[in-house]
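Novice: Sequence:
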Amino acid sequence: MAYESLKEQIAAYNALCDEKSAKTPERQNLKYNRLYTPVDIEGFDYEKDLGMPGEFPYTRGVQPTMYRGRFWTMRMYAGFATAEESNKRYRYLIESGATGLSCAFDLPTQIGYDSDDIISEGEVGKVGVAIDSLKDMEILFDGIDLGKVSTSMTINAPASVLLAMYIAVAEKQGVPSTALMGTIQNDILKEYAARGTYIFPPKPSMRLITNIFEYCSQNVPKWNTISISGYHIREAGSTAAQEIAFTIADGIAYVEAALKAGLDVDTFAGRLSFFWNAHNNVLEEVAKFRASRRLWADIMKNRFGAKKPKSMMLRVHTQTAGSMLTAQQVDNNIVRVALQTAAAVMGGTQSLHTNSRDEALALPTEASVQVALRTQQIVAYESGLADVVDPLGGSYYVEAMTNAIYDEAAEYIKKIDEIGGAVVAIEKGYIQKEIQESAYKWQMEVESGLRTIVGVNKFQVEEKAPEGLLRVDSSVGVNQSKKTQEVRASRDQAACDAALAALKAGAADESVNLMPLILDAVKTYATLGEICNVLREVFGEYQAHATL
Numbered sequence: 011m012a013y014e015s016l017k018e019q020i021a022a023y024n025a026l027c028d029e030k031s032a033k034t035p036e037r038q039n040l041k042y043n044r045l046y047t048p049v050d051i052e053g054f055d056y057e058k059d060l061g062m063p064g065e066f067p068y069t070r071g072v073q074p075t076m077y078r079g080r081f082w083t084m085r086m087y088a089g090f091a092t093a094e095e096s097n098k099r100y101r102y103l104i105e106s107g108a109t110g111l112s113c114a115f116d117l118p119t120q121i122g123y124d125s126d127d128i129i130s131e132g133e134v135g136k137v138g139v140a141i142d143s144l145k146d147m148e149i150l151f152d153g154i155d156l157g158k159v160s161t162s163m164t165i166n167a168p169a170s171v172l173l174a175m176y177i178a179v180a181e182k183q184g185v186p187s188t189a190l191m192g193t194i195q196n197d198i199l200k201e202y203a204a205r206g207t208y209i210f211p212p213k214p215s216m217r218l219i220t221n222i223f224e225y226c227s228q229n230v231p232k233w234n235t236i237s238i239s240g241y242h243i244r245e246a247g248s249t250a251a252q253e254i255a256f257t258i259a260d261g262i263a264y265v266e267a268a269l270k271a272g273l274d275v276d277t278f279a280g281r282l283s284f285f286w287n288a289h290n291n292v293l294e295e296v297a298k299f300r301a302s303r304r305l306w307a308d309i310m311k312n313r314f315g316a317k318k319p320k321s322m323m324l325r326v327h328t329q330t331a332g333s334m335l336t337a338q339q340v341d342n343n344i345v346r347v348a349l350q351t352a353a354a355v356m357g358g359t360q361s362l363h364t365n366s367r368d369e370a371l372a373l374p375t376e377a378s379v380q381v382a383l384r385t386q387q388i389v390a391y392e393s394g395l396a397d398v399v400d401p402l403g404g405s406y407y408v409e410a411m412t413n414a415i416y417d418e419a420a421e422y423i424k425k426i427d428e429i430g431g432a433v434v435a436i437e438k439g440y441i442q443k444e445i446q447e448s449a450y451k452w453q454m455e456v457e458s459g460l461r462t463i464v465g466v467n468k469f470q471v472e473e474k475a476p477e478g479l480l481r482v483d484s485s486v487g488v489n490q491s492k493k494t495q496e497v498r499a500s501r502d503q504a505a506c507d508a509a510l511a512a513l514k515a516g517a518a519d520e521s522v523n524l525m526p527l528i529l530d531a532v533k534t535y536a537t538l539g540e541i542c543n544v545l546r547e548v549f550g551e552y553q554a555h556a557t558l
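Residues 11 to 558 in this note's numbering are what the sequence shown lists, from first letter to last.
Quick caveat, the hints were computed from the structure, so don't treat them as lab data.
As a list, the in silico BS3-like pairs of lysine-lysine whose alpha-carbon atoms are at most 30 Å apart:
#, residue 1, residue 2
1, LYS533, LYS514
2, LYS425, LYS317
3, LYS98, LYS136
4, LYS232, LYS158
5, LYS158, LYS145
6, LYS438, LYS213
7, LYS213, LYS514
8, LYS493, LYS182
9, LYS438, LYS270
10, LYS136, LYS474
11, LYS443, LYS270
12, LYS318, LYS158
13, LYS270, LYS514
14, LYS17, LYS30
Make the full structure from the sequences, and use the hints.
Specialist: Written out as structure tokens, the structure is:
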């Protein structure tokens, strides 16, 4: 059949696809068109939308040579039970070829309580390592040269305290703070919106974050002072476009807070980093990474007047999607993680953590962790995906999706600006509501069969519970409590009391940067809970409330 135009031919082709898909209802649920051609990216401007790798707007990557120059940092997120146990796992990972460490902290640590606090009972060491004082941090990194390793710490509300502990350990090793490399998550806004490990209200929390920006710009210049996290937003149920929109909106709020505190954008923006989720739809994820870089570059240049190239670069750590791991047929998770790894690499991530096959059931075993790390290494050394910068650039489909995700995310940011910014949008429940609606839609699609999850709602088999899962013994909490009490008994109590009093006075004066005072308190072996309790007295605690 002859067609008068390409558009007519495409319309006929799409009609044929629709006719065929009518016979398989679950295929009607697909979000994207059936076929992509130049028509779908009409008006595409190579220089404006793409440019060269390592140049504005960074769609094709933040480094000119990307993985031809060096691979991404292969981090493995780890932490459980005690500092001693986690130290063994860190050494194992380094010996296995990991090029960076990523610290998971238990729930009491994440919300600023010591292990011997009654509220911590039953949770010590369960979802990460328990860190109560500088003594625990010394043990955690015993035998690991902090001048040579890059460390990421997933900690938010008490981020300033954990960073101070890390700096103090480095000093004891003889490593100056100017040599330290790594990232602290330090992203409190997404805690209010999606994750829940907050302590203080938004205003003092933002103060602590900008204090870290200022302190590190002068004293820890190689440190990434925040990892603005879309990962947890996606885990809560957002779409790809919502993940980058809500996260970049948070980033805008952090930049505005730093500017309000008197910092120059080019003094701190180059140390901001982001944290993306690598989800199941491989090509959509690649497009998401590319769109997010362009969107952030445009905002930093045109909205905030950044001049330095590094201030406009969206550098990103990625973790494969924990919410996509299934407890059923756990070996299927190896395939999922491999595909998500490929998406992150083709999308141009700067560092990557790969989840382990058994994490839907328990903390990962060493054997499972090794498979997850080997997944990254196989992609790096064997797949060829690291041989070319932006390997999917120029794909009609990927370029059209990149533009579509960019536009959708930009519309969300516009809406958030109209509401009054990310903090107000969170306080009014707008961001939470959008995430909840997307999560509900996804779950309904799974339950109705419109969305297939292999082994869960299709292709099920009868199976026995996996053996050899890693479990944290309840004695961990008892022993950790004793250790913390021993630290209190052996320290110079007068020095500790004086440091905590100075911190309390400083917290009451908004002009004071609290990082030096927190560092002083940490060095006296004041505990995490004691430091956070002093700040609670001054700042109060955030209380979540229904606003929908």
